[in-house]
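Visitor: So you can see what is in the structure, the chains are spelled out below.
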Amino acid sequence: MRRTLRIAALVLVAAGFLPAAAQDATQRRGFSIRITAPAADEFVAGRTTITAEVKAERPAEVDRVEFLVNDKVVFVDREAPYACVYDFGEESKAWVIRALAYHVEGFSVSSVVVTRKITISAFEEVNRVLLWVTVTDKSDQLVSALKREDFQVFEDGAPQEIREFTLEERPITMAIVLDSSGSMRDQLGDVHEAAASFVETLRPVDRAMVIDFDDKVFLLQDLTSDQALLKEAVTSTEALGSTALYDALHAAFRRFRGIEGRKAIVLLSDGDDSSSQFGYERILEEAKAGNVLIYCIGLGDVRKSVLKEFSETTGGRAYFVSKATELKETYQRIAEELRLQYYIAYATSNKVWDGRFVKLEVKGRHPDWTVRARKGYFAVRGGAPPGAAPAK
Amino acid sequence: MRPRVLAAALTLGLATEALAGRASEIRKEAFKLLNEGVAAYNKGDYKAAVVALSKASDMSLNSFRTHYFLGLALTGDRRYAEAVSALSIALDLDPAHLQANVASGDALLAQGIVDEASPFYYRALKLRAEFPPALDGLARVAEAQADDDKAIALYERAIASDKGFAAGYMHLGDLYLRHGRLEDAVKLLVEAVTIRPDFGPGLDRLAAAYGRLGYSNEAVATIRRAIELEPRNAEHQATLGHVLLGMGVDGGATAAFREAIALDAGEPRAHEGLAEIARRVGRYDDAVAEVDLALADTRLDRRTRERLTATRATLHAEKTEAAALESRAAAGTASTADMAALAALFAGRGEWSRAALLLEATSPAGAARERLAFYYFRAGRFREAHAAYAELARSGGRGDLEINDGAALARLGSDAEAIQAYDRALAIDGSQARALLFRANALLRLGRSDEAIGAYKRFLEVKPDGESAEQARRILALLTPAPAPKPPPAEPPPAPGKP
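Chains as they are written, first to last, in my numbering: chain A, 313 to 704; chain B, 4 to 502.
None of these hints come from the bench; they were simulated from the model.
For every residue, glycine included, the Cβ atom is placed at its ideal position computed from N, Cα and C.
Errors might be hidden in some of the hints.
What the hints assert, rightly or not - The list that follows gives simulated cross-link-like pairs (lysine-lysine, DSBU-like), each with its CA atoms no further than 30 Å apart:
(1) LYS459(A) <-> LYS384(A)
(2) LYS153(B) <-> LYS429(A)
(3) LYS58(B) <-> LYS35(B)
(4) LYS687(A) <-> LYS459(A)
(5) LYS35(B) <-> LYS429(A)
(6) LYS367(A) <-> LYS58(B)
To be verified - A few chain A residues facing chain B, derived, Cβ under 10 Å:
(7) ALA351
(8) VAL386
(9) ALA406
(10) ARG428
(11) SER492
(12) GLY494
(13) LEU532
(14) THR536
(15) GLU550
(16) PHE590
(17) ARG594
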């Protein structure tokens, strides 16, 4: 599929704000070139159009434009608009894209763009996409005893064939992520109690880790089935510092890399992110890229839209409580949901692995049902990232 | 403590202190481990650094410094794939960190993943134009792609961008070393360690270059300095071993290689050194076993793996060839070509006397006789070496043969005759630096200092650069004492006092 990336505007904005040394265009006697698409740090895959803009006093001054990918010439264009289509393949990789404009007098100017590799922690198998689905009725009660025929799966609007269906009873791997920023001080006792009660709901086959965050993120307990260790960890947090919520989520995604099966993050926070090194967009991208259910509990006055977006994108759910005393009940509700989830594997009809986000929709047979599942996946082929060690 | 908290604590059966314990202990421990790891890394003790920083990175999940230094330490320990993973976390936390981008490129490049390495260097260059470590990285990418001209241009750009960028001098020096431009290499490596006297890798490479040039004392002194700075670095011990091996000190070399392996069981150059020692005495199976030990290390970079694999194949081929030749020689069925081949094989193992005996038996002429003269010389049979070189020089009219003859005569203690040989060489070509230097040395040994001074000056005119030139200058400085300093101006007469 031929895909034109339209990021020129972003490049122009970036160029205006970057220091001179960081701008990617070179200029000589009013003769300059700039790659307008793809943008720096964009993710590219599949057949992608590379475009460059050449500035010259007269168009006839431009002899030719060479496009190079990873230092290899892939196309020579002799007339405007300067563009070429290059197939970047199906894997997630970083690329160095260069464009060289040659003046008729023999000198040249160049522009460089380095694209980004995205970390896909859950690659789709060639013909199989995995989903964990939760169904509630009109009164928000979990719906049990459903069958394969009760569901329909759509990919970018096209119906898909469900190959496997079961009530999920296999072990789950969880990250219990607790906000311990300064604002949590007065509520820490209730938080400890509620989180400890949640730990008690784990089955002996389930495993969990505990991540504690303020402006720093610490792993208090690595994956274990030992409830005593988990309780010790969740009840040891101390309130201090600001809120690096996105960093904590990213850390949880990282710890999940290489782990198969159903995975869930259960996040508790009482405030908006205030000190993360990661941004919202990046974490949302990671949430889309990893098949991890995110359950968020917002305590008090939090920005609901952020937590809802993370949860809904992944097939989890966001809960909001005004008082810490309500936490225990909310944790219990999440535990119930995790115990009543359906596993669906379907054969995808997708033939194009070009890095786009493929939209998923799972519909229930009954119109009153609310069906929650992840919203899609990146169409990127699997495999370990080159040069990196297997995840822990 | 609020009643609810207390109740929760009691419910869980945990003491209040224990409740607060885990989180704060982990924070303190992570900080302590980070400091320990960085300190170990700075001392070149990469294994200890990896242990401490791995533990810290398992606790402190969003600490850039922890993951960054873990990546560097893993690279130091040649665990490149793991280094890439650690550095990718560091770069997630701070994508604009110049050195982390370069370090990621380096770890990928060491694995031979050239295409993946380049984007990191380019990204660093986009963050800071002409950033020397990024240009240096791209130069090494060009080297990996066998484009040495491009590599040299990039190294020169890196050095021009920062005259104090020691790694640039070192890598360019290394490239020249590979090209056999030894004196150019030494010049650059000396520059690298002059800029940074505590630059362990630079000292290591300089010692290797000195060793290849035959400047044994300088080589040993330089690598000892590197070891002093980084005592836990196995590569320095391996380099010491190779320097000693080049000097023929096999016992010392073996000890150094063993020390390197004690520090890092997979140190490939140490295993190669031990393999070479085994090969020199014909223990080919032991030699192959050493190479196999090196090849078993999963951390090997692609280039080293290729080199070791080639060495292994050569050892196998040489073992087979040696067995066949020796069997024919023992049975008395060896041809002249067989004997010459067997002699070359022994010469390659440093067994010069056996090589000379075998080649002698073939009554060689021409190029083979010249080879025999060399074997004589290396075997310490200087009288035979002189006879052969003199005869070859008379028939060939070649200056280099006259110089070799002079060298043999000098070893026999006949410096006067050696000077005559050098003069004959210079009559053929007056700009032969070796003849000029050896002649000056011979004059000095004969006590003809004034003539020696002139000869050294003539040598320096022809060859003003390089270690030999430096040695000549040192000798000249000793032979020509500095002129006496001018007397200070006389004290002005005291000003007349007031009446």
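Visitor: Against the structure, test the hints numbered earlier, and report the numbers of the ones violated in rising order.
Guide: 1, 5, 6, 7, 8, 12, 14
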